[in-house]
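Colleague: Fit chain B with the ligands to the known structure of chain A by using the hints.
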Amino acid sequence: MHYKRPKADVVIVGLGWSGSTMAEELTRAGLNVVAIERGAWRETSTSFPTTRNPDELSGSIRKEILQAPVTETYTVRNKPGETALPLRKYHNLTLGNNVGGAGTHWAGASWRWQPFDHQPYTRIMERYGAKQLVDGLILQDWGVTYDDLEPFYDRFEKIAGTSGTAGVINGVKQPGGNPFEGSRTSPYPTPALERTRANILFAEATTRLGYTPFPVPSAMIGAPYTNALGINLAPCTYCGYCQLYGCGNWSKSSPNICILPVLMQRPNFTVVTESEVVRINTTPDKKTATSVTFVDSDGNIGEQPADIVIVATFTLDNTRLLLLSGIGTPYDAVSGEGVVGRAFTFQTLSWAFMFFENEYLNPFMNTGALATQIDDFNGDNFDHTGLGFIGGAGIQSLCNQGLPIGMSGLVPEGSPKWGKGWKQAFQKAYQNYAQIQGQGTSFAHREQFMDLDPTYKDKFGQPLLRITYDYNENDRRSGRFIRDKCAEIAKEMGAREVTGVSLADQPYSGYTPWDSSHVQGGVVMGENPKTSVQNRYQQNWDIPNLFVIGASSFPNNAGYNPTAAVGATTLWTAKAITDLYLKNPGPLVRL
Amino acid sequence: MVDSSKLVYLTPDEAKLVGAVFDVLIPADELGIGATEAGCVTFLDHQLAGPYGSAAKDYKLGPVVEGLPQQGPQSIATPAEIYRKGLAELNNVSQKKFGHPFLNLTEEQKVAFLEGMEDGTIDFETVKTKDFFTLLLQNVREGYLADPMYGGNRDMVGWKLIGFPGAVYDYRDWIVSKRGQKIDVQPVSLLRTG
Ligand SMILES: Cc1cc2nc3c(=O)[nH]c(=O)nc-3n(C[C@H](O)[C@H](O)[C@H](O)COP(=O)(O)OP(=O)(O)OC[C@H]3O[C@@H](n4cnc5c(N)ncnc54)[C@H](O)[C@@H]3O)c2cc1C
Ligand code: SF4
Chain A
1 MHYKRPKADV VIVGLGWSGS TMAEELTRAG LNVVAIERGA WRETSTSFPT TRNPDELSGS
61 IRKEILQAPV TETYTVRNKP GETALPLRKY HNLTLGNNVG GAGTHWAGAS WRWQPFDHQP
121 YTRIMERYGA KQLVDGLILQ DWGVTYDDLE PFYDRFEKIA GTSGTAGVIN GVKQPGGNPF
181 EGSRTSPYPT PALERTRANI LFAEATTRLG YTPFPVPSAM IGAPYTNALG INLAPCTYCG
241 YCQLYGCGNW SKSSPNICIL PVLMQRPNFT VVTESEVVRI NTTPDKKTAT SVTFVDSDGN
301 IGEQPADIVI VATFTLDNTR LLLLSGIGTP YDAVSGEGVV GRAFTFQTLS WAFMFFENEY
361 LNPFMNTGAL ATQIDDFNGD NFDHTGLGFI GGAGIQSLCN QGLPIGMSGL VPEGSPKWGK
421 GWKQAFQKAY QNYAQIQGQG TSFAHREQFM DLDPTYKDKF GQPLLRITYD YNENDRRSGR
481 FIRDKCAEIA KEMGAREVTG VSLADQPYSG YTPWDSSHVQ GGVVMGENPK TSVQNRYQQN
541 WDIPNLFVIG ASSFPNNAGY NPTAAVGATT LWTAKAITDL YLKNPGPLVR L
Chain B
1 MVDSSKLVYL TPDEAKLVGA VFDVLIPADE LGIGATEAGC VTFLDHQLAG PYGSAAKDYK
61 LGPVVEGLPQ QGPQSIATPA EIYRKGLAEL NNVSQKKFGH PFLNLTEEQK VAFLEGMEDG
121 TIDFETVKTK DFFTLLLQNV REGYLADPMY GGNRDMVGWK LIGFPGAVYD YRDWIVSKRG
181 QKIDVQPVSL LRTG
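These protein sequence lines are chains A and B, in that order. Residue numbering for the first sequence follows my numbering, beginning at 1 and increasing consecutively. Residue numbering for the second sequence follows my numbering, beginning at 1 and increasing consecutively.
It should be emphasised that the hints constitute simulated quantities derived from the structure, not laboratory data. If a hint is listed, it holds; no wrong ones were tucked in.
Label pairs and their in silico Cβ distance ranges: (1) P507/A to V111/B: 29 to 37 Å; (2) M1/B to M1/A: 40 to 48 Å; (3) A28/B to D505/A: 38 to 46 Å; (4) I200/A to E125/B: 52 to 60 Å; (5) G406/A to A56/B: 16 to 24 Å.
Take a look, some chain B residues computed to stay more than 10 Å from chain A by CB distance: (6) D3; (7) S4; (8) A15; (9) A20; (10) V93; (11) N104; (12) A112; (13) E125; (14) K130; (15) T193.
C-beta atoms are modelled at their ideal positions from N, C-alpha and C, and glycine is treated no differently.
Bound-form chain A, shown alone (with noise of 0.2 Å):
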């Protein structure tokens, strides 16, 4: 069956952090909107409830609430000319598919991205000139600035109840927080979480060489609060069911706990769940979006009218709904010409895995983003002048785990994987093991990128994505970098056993353990529409009723987890849309 549903002022397809966050702003503007989310309905209290969420099994081992590769999978190689493959069992990009996205079940780390990471190009020219960039990479500026963002980042944090420890308000640096960080106009709406063990190990050993440590900022609340929206948020317990899991206690910001109990309340408000939006529809002069077209959990096709189209659906599927909707010029990696699909980037993880003597790290006691950084070797923050590369990352102690499923393989090299010894090394490791994380930026690559597949689909017959990544000479350099900082921290912290690794020295896979779901690109906004598809509001450049918002904005990633700043652009688009574009419905950008 084929029907229509009533024609919306706005439509806004995918309902995690990005959508979430733009429903909120338009409703309250008062236009009328529908949501279409391919996921289930997703209820704080009911879905996770504290008696029945600490679960391994089910959550971080079955990821029972993940994007299942059946319901949607991607295909990757690591250079053109390969043949992409289908990732087929549960692999590294740990999507949502429900109502709050991955905002249900991520970390929350929440970082404002610094004012370097916004206008790369501008900083790395100036500083260095074009010979600090290696062979083929892509730079390019957001158009617009984190001066422009820090009202949005301010909101977005007041909304989430981000906990922290303030490092720089008004220009003035502040004790505690990170010195690095872009120039902050209110302190964190939440106290920093308590420290563990570890935590305090690295702040001191970091100390002794002459860096800043700091608490990384939390979407677990450091105190009871009451966010923007009015609604009452739990601190934190440390129940250690966190990352992979939803969080039924109030404490964890996401779009479930922040947002949609007021939104949910609103008359010019619809959610249609279980829906999934197979293609955007418009004028036959592809300058005007006129609706989406879904197919519900009946297998029916539904067709949603809007004046204004907003996707939301993540990098990925933000990509693919446009490369199905044949709207733009898909990026053609030989001519370096096209630009959806393009400055597709993913993250540059190196690591210090170590074990200590006689110690009881408790690492069971944890949150998502428990994590004690510095700063000193992130984006800029250091000369480059010789290292023939450009950015760095974040170096973290990070106390995110301390399950025992997941933790049983965590054994010293060489010791046994089973049998009795393997029960002998697995006690003394368990309570003696700790990590460094350093995550690292990266950029865009002229053979990075992503298009239809040309053999796989999905299982309503459409082309799967097809991801070419691997990581070039940049992401190689920084990360051995970033992995001798790493090791050098980690042995200053006294551990017994210190294995320094960098991902990148290995080819891209979707199954390296320890790696991350932070992708960006594809959908870039930007300042030239030969090189990015939307302009500094997310707008596309031809269709100026269309609005693609989330990280496929972003042409480069920071040494941050990405999300404040998905917030932070999705709140600057919402003002442009009520303050500008409904007055004066148009390209709020002319060149």
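Modeller: Here is chain B with the ligands on its own, set in the frame of chain A:
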């Protein structure tokens, strides 16, 4: 809580054989009971009968071709199928190599056999021994360490082994007061029984 009194996927012979393998991987010793006694076979049996066993969430559309190692597993065989074929072969190969089924091997022979599977020096025809071994090891660890409601981890033996307190709701006090110190408590499961 699963019912341990009857099998739901494995045959009685298969269950016995898995138990013998599991008890080499996690033996009984002074640190605690072994895998079978802890319920790991019951755990596995129920897992194989459910969505995990049928790989219900995997992408299974073709073409199925083998790629580069970094492209990951491309086989669409399910854990339930791998166990069925793998266990049959385990006995056949054991019979050929040692003249006995696996159950009748000495402790040393069992260890040697599993080492051969782990490093791929023992070959099966229908499943890759290395992959089957990885699955066995993963599942026995799951059974020994998952919440007892799934049938394994009896008396929370796996949690007691390492000092994991289980499903504790609130650590706000201990995170400061017990920082760097040993915590000696009886673990709690979602069943809330010892
Ligand atoms: C395990 C994990 C840990 C993470 N940890 C951190 C962290 O510590 N800090 C941080 O900043 N970030 C972290 N992230 C990233 C963070 O979760 C994302 O940046 C953020 O959730 C993105 O929000 P979004 O709204 O853009 O996309 P999503 O949250 O992915 O929401 C998109 C929604 O769209 C829906 N959808 C997709 N396609 C369609 C379609 N065709 N039709 C209809 N609906 C569709 C999806 O079901 C989903 O609900 C983590 C991610 C994961 C997976
Ligand atoms: S650690 Fe805190 S935020 Fe995370 S699930 Fe537990 S209570 Fe919630």
